[in-house]
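Enquirer: What follows is the residue order along each chain.
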Amino acid sequence: MKLTVNGEAHEVAATTLEALLAALDYEGDWLATAVNNDLVHKANRAEFQLNDGDRIEILSPMQGG
Amino acid sequence: MIELYGAELPSRLLLGTAQYPSPAMLAYAVRASGTAVVTVSLRREMAGGRAGEKFWSLIRSLGVRILPNTAGCHSVKEAVTTAQMAREVFGTTWIKLEVIGNHDTLQPDVFGLVEAARILCEDGFAVFPYTTDDLVVAERLLAAGCKALMPWCAPIGSALGPINITALRSMRGHFPGVPLIVDAGLGRPSHAATVMELGFDAVLLNTAVAKAADPVGMARAFGKAVEAGREAFSSGMLEPRDVAVPSTPTIGRGVFS
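Chains as they are written, first to last, in our numbering: chain A, 3 to 67; chain B, 644 to 900.
This is chain A alone, in the form it adopts within the complex (with noise of 0.2 Å):
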């Protein structure tokens, strides 16, 4: 499936958010993730259906004013 994570493109094999974010490595408490500019919240992640062409974004805590 391809995606677009951060603005990067990558095909995986994962078909969850969960799992999307094992197989790069991301974990932790301080990640917030979003799926085609929407919310998905953490406890949700496991049985958030990806599709291909979805556009995931990422965050996590960072300096600002």
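Simulated from the structure, these hints should not be mistaken for laboratory data. One or more hints might be untrue.
Claimed, not checked - Label-pair ranges, simulated between beta-carbon atoms:
(1) A:ALA24 / B:SER700: 36 to 46 Å
(2) A:ASN38 / B:THR748: 25 to 35 Å
(3) A:GLN51 / B:THR735: 24 to 34 Å
Stated by the list, open to error - Keeping only pairs whose Cα atoms sit at most 30 Å apart, straight-line, the calculated DSSO-like set for lysine-lysine is:
(4) B:LYS790 / B:LYS867
(5) B:LYS720 / B:LYS697
(6) B:LYS697 / B:LYS854
(7) B:LYS854 / B:LYS867
(8) A:LYS44 / B:LYS697
(9) B:LYS790 / B:LYS720
(10) A:LYS44 / A:LYS4
(11) B:LYS720 / A:LYS4
(12) A:LYS44 / B:LYS720
A quick note: this is a predicted structure, and the numbers were derived from the prediction, not measured. Beta carbons: idealized from backbone N, C-alpha and C, even for Gly.
Assemble chain B onto chain A, guided by the hints.
Expert: Just chain B now, kept in the frame of chain A:
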């Protein structure tokens, strides 16, 4: 002491966390300023990265309240989703709402701002909207559910200080019971003191401290300026006069002619 969305805070200075020479310098500056609130952002994490974890760990160790922001968002959807993601990560409903409308001035898109504010207020957020000094926009934001406003006094990072004192004074006068926090454009402690003397409830700044030659010293200076400005406002300042008025009593002076 200031109350924002039901929280009582010991300091009227809110501090940004970006652009410091080092994480340690940020921590020292936060402590030196006496601030009780710092603003933080969300950005893309690299695969396998731990940058967010390190920063979040540092911020939590400071023992201050977190005000996440939607800095850099240019659309309502972007800002709303970022706010929802921030609520999940930071565990707070507080959000400094930015919807930027102009790349050069970083002026807020006030139309998008009002729309995003309405969506987030209805969703239970405590929204701190980064806005202009426009009174009608301020009214719309309050009608949307905002209980505090964050007007700019000059473009973000410009260090120009309050460039339209009349507009700020007018805003203060129109919304006497609303917490007004000047956000953006402050360059010097005297700028902060000036807006606090006008009766603004607090200031939020970042660049002026982070990019100072000595951020820790500047953080301390801003902390003092904010306190001085507030105490001056509370104490009732003398109005300017066009004529000289002697401060030493003239009655009883010696006559030598």
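Enquirer: Are LYS720 (chain B) and LYS4 (chain A) close enough, with their CA atoms no more than 30 Å apart?
Expert: holds (24 Å)
Enquirer: Would the hint linking LYS44 (chain A) and LYS4 (chain A) be met if the CA-CA limit is 30 Å?
Expert: holds (22 Å)
Enquirer: Holds or violated: LYS44 (chain A) with LYS720 (chain B), Cα cutoff 30 Å?
Expert: holds (20 Å)
Enquirer: Range first: 24 to 34 Å. Now tell me if the beta carbons of GLN51 (chain A) and THR735 (chain B) are that far apart.
Expert: holds (30 Å)
Enquirer: Is the hinted range of 36 to 46 Å satisfied by the C-beta distance from ALA24 (chain A) to SER700 (chain B)?
Expert: violated (22 Å)
Enquirer: Does LYS697 (chain B) sit within 30 Å of LYS44 (chain A), going by the straight-line distance between their CA atoms?
Expert: Answer holds: LYS44 (chain A) to LYS697 (chain B) is near 20 Å, not above 30 Å.
Enquirer: Can the restraint linking LYS854 (chain B) and LYS867 (chain B) be considered satisfied, given a maximum Cα separation of 30 Å?
Expert: Since the Cα atoms of LYS854 (chain B) and LYS867 (chain B) sit roughly 18 Å apart, the hinted pair holds (cutoff 30 Å).
Enquirer: Can you confirm whether the C-alpha distance between LYS697 (chain B) and LYS854 (chain B) stays at or below 30 Å?
Expert: holds (22 Å)
Enquirer: For the pair we were handed, LYS790 (chain B) and LYS867 (chain B), check the Cα-Cα distance against 30 Å.
Expert: holds (26 Å)
Enquirer: Does the Cβ-Cβ separation between ASN38 (chain A) and THR748 (chain B) fall within 25 to 35 Å?
Expert: holds (31 Å)
Enquirer: Mind checking the alpha carbons of LYS720 (chain B) and LYS697 (chain B) for me, to see if they're no more than 30 Å apart?
Expert: The given pair, whose Cα atoms are some 28 Å apart, holds under the 30 Å limit.
Enquirer: Decide if the proposed pair is consistent with the structure: LYS790 (chain B) and LYS720 (chain B), CA atoms, cutoff 30 Å inclusive.
Expert: holds (22 Å)
In the structure shown, a violation is registered for the earlier hint numbered 1 alone.
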